[in-house]
Amino acid sequence: MKPDQCLFLAHLEGAAFQVGVDAGKWGLSGVATEIVWPHAMLWVAADASMVGQGKLFLRFTLDGYPTVAPTACPWDPGTNAKLAAHLYPRLTGKFNRVFRTDWNGGNSLYAPCDRMAMAGHDQWKQAHPYWWWTPEFTIVKYLSFVHLCLNPHRYETAAA
Amino acid sequence: MIELFVHDANGVDPKLIKVSEESTITEVLEIVVAAGGLGGKVEDAILVFTENCDEPVEHHRKLSECEIRHRHHIHCHRCSKIEVTVYYNGHHQKAFSPATTVKRVFDWAVKAFKLTPADAADKILVLKGHPTEELPFDAHIGSFAQPHHCSVEICLTAPVEVQG
Chain A
1 MKPDQCLFLA HLEGAAFQVG VDAGKWGLSG VATEIVWPHA MLWVAADASM
51 VGQGKLFLRF TLDGYPTVAP TACPWDPGTN AKLAAHLYPR LTGKFNRVFR
101 TDWNGGNSLY APCDRMAMAG HDQWKQAHPY WWWTPEFTIV KYLSFVHLCL
151 NPHRYETAAA
Chain B
1 MIELFVHDAN GVDPKLIKVS EESTITEVLE IVVAAGGLGG KVEDAILVFT
51 ENCDEPVEHH RKLSECEIRH RHHIHCHRCS KIEVTVYYNG HHQKAFSPAT
101 TVKRVFDWAV KAFKLTPADA ADKILVLKGH PTEELPFDAH IGSFAQPHHC
151 SVEICLTAPV EVQG
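Residue numbers (our numbering), protein chains in the order written: chain A, 1 to 160; chain B, 1 to 164.
Quick caveat, the hints were computed from the structure, so don't treat them as lab data.
Warning: the hint list may mix true and false statements.
What the hints assert, rightly or not - Derived pair list, reagent style DSS-like, types lysine-lysine, alpha-carbon separation capped at 27 Å:
#  : chain 1 : residue 1 : chain 2 : residue 2
1  : A       : Lys94     : B       : Lys128
2  : B       : Lys41     : A       : Lys2
3  : B       : Lys114    : A       : Lys94
4  : B       : Lys103    : A       : Lys94
5  : A       : Lys125    : B       : Lys41
6  : B       : Lys41     : B       : Lys62
7  : B       : Lys123    : A       : Lys55
8  : B       : Lys123    : A       : Lys94
9  : B       : Lys111    : B       : Lys128
10 : B       : Lys114    : B       : Lys103
11 : B       : Lys123    : A       : Lys125
12 : B       : Lys81     : B       : Lys94
13 : B       : Lys111    : A       : Lys94
14 : B       : Lys123    : B       : Lys94
15 : B       : Lys62     : B       : Lys18
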């Protein structure tokens, strides 16, 4: 097993990832032993107004992890193919462009922690320093960002 | 055996340890120390809290007596309270247990600054003076206060739009 895969699997077993699993925020789709590297499918819980099923599946490409940032594509586990464009989350506000279907064929998220989007967006390093991928990050950073984007109404009770 | 998430002042991410559910708090601390935590020794000065609880548990108690079960979160810290100052347009201050989740601090800050749900939706908390360090909502506020410094200053901030 290559070091990148070893580290990814270790991070899946780590406390930071497992805290999110326990909280129902994200999880691995399938079992770790069946991952066909460098791809792994994970899901992130989503507000039902964003994703009808309440969770968004992402097919990650993780070669070089974590030195190289991950990239992820919204995925349909039923057909094992890229999610149909009309099913991509429709976001408003500051994250409205994260799930673009008109950029890079919708094959990756338009996010400061996604390797495909980072290329050519050096200005994001200053604009989004908490999400601009660095080798010290783990997959939890990417998942946390997506969870933030997909759950905009989580503070309503607190703010009421 | 059960698993516990153990938070402390030495890092944001908790440690996942395995213990007997009949272990005492002292025995849990010994396991944490054996795993390299708490500066290498168990001291009475180390207070142990369950998540989002204000009062520490007694060291001689068993986990089961403290209703600490599989995959529960505990926090080990020398401070009984963390004085949290949050800056936004002005500042507010409140003391929290070290085992208070960042999410709970965030919820308090949202109320304190009277933010609407729409205003709160994309806000995050970062350490004052360290704008690249986002505070994860699942983390404990005590993890951002040094062991002998029972305070932390944080900023409620609005990330700019992802565009370009």
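Take the C-alpha atoms of Lys62(B) and Lys18(B), compute the straight-line distance between them, and say whether it is at most 27 Å.
The hint holds at about 15 Å.
Just to be careful, I want the Cα atoms of Lys111(B) and Lys128(B) compared with a cutoff of 27 Å; is the pair within it?
holds (20 Å)
Is the straight-line distance between the alpha-carbon of Lys123(B) and that of Lys94(A) 27 Å or less?
Satisfied, since the Cα-Cα distance of roughly 10 Å is no more than 27 Å.
Lys41(B) and Lys62(B) were given as a pair; does the straight-line alpha-carbon distance stay at or below 27 Å?
Holds - the C-alpha atoms of Lys62(B) and Lys41(B) are around 20 Å apart, at most 27 Å.
For the pair supplied as a hint, Lys125(A) and Lys41(B), confirm whether the alpha-carbon distance does not exceed 27 Å.
At roughly 40 Å apart (the allowed maximum being 27 Å), Lys41(B) and Lys125(A) break the hint.
Need the status of pair Lys94(A), Lys128(B): alpha-carbon distance at most 27 Å?
Measuring from Cα to Cα gives roughly 23 Å; hence the hint holds.
Hint consistency between Lys114(B) and Lys94(A) [alpha-carbon to alpha-carbon, up to 27 Å]:
holds (20 Å)
Verify the proposed pairing of Lys111(B) with Lys94(A), using a straight-line Cα cut of 27 Å.
Holds, at roughly 22 Å.
Under the criterion that the straight-line Cα-Cα distance not exceed 27 Å, is the pair Lys41(B), Lys2(A) satisfied?
Violated, because 37 Å separates the two Cα atoms, which is more than 27 Å.
Holds or violated: are the alpha carbons of Lys103(B) and Lys94(A) at most 27 Å from each other?
Answer holds: Lys103(B) to Lys94(A) is near 20 Å, not above 27 Å.
Does Lys81(B) pair with Lys94(B) here, judged by a C-alpha cut-off of 27 Å?
holds (10 Å)
Satisfaction of hint between Lys103(B) and Lys114(B), Cα-Cα up to 27 Å
holds (16 Å)
Taken one by one, the earlier hints fail for this structure at numbers 2 and 5, listed in ascending order.
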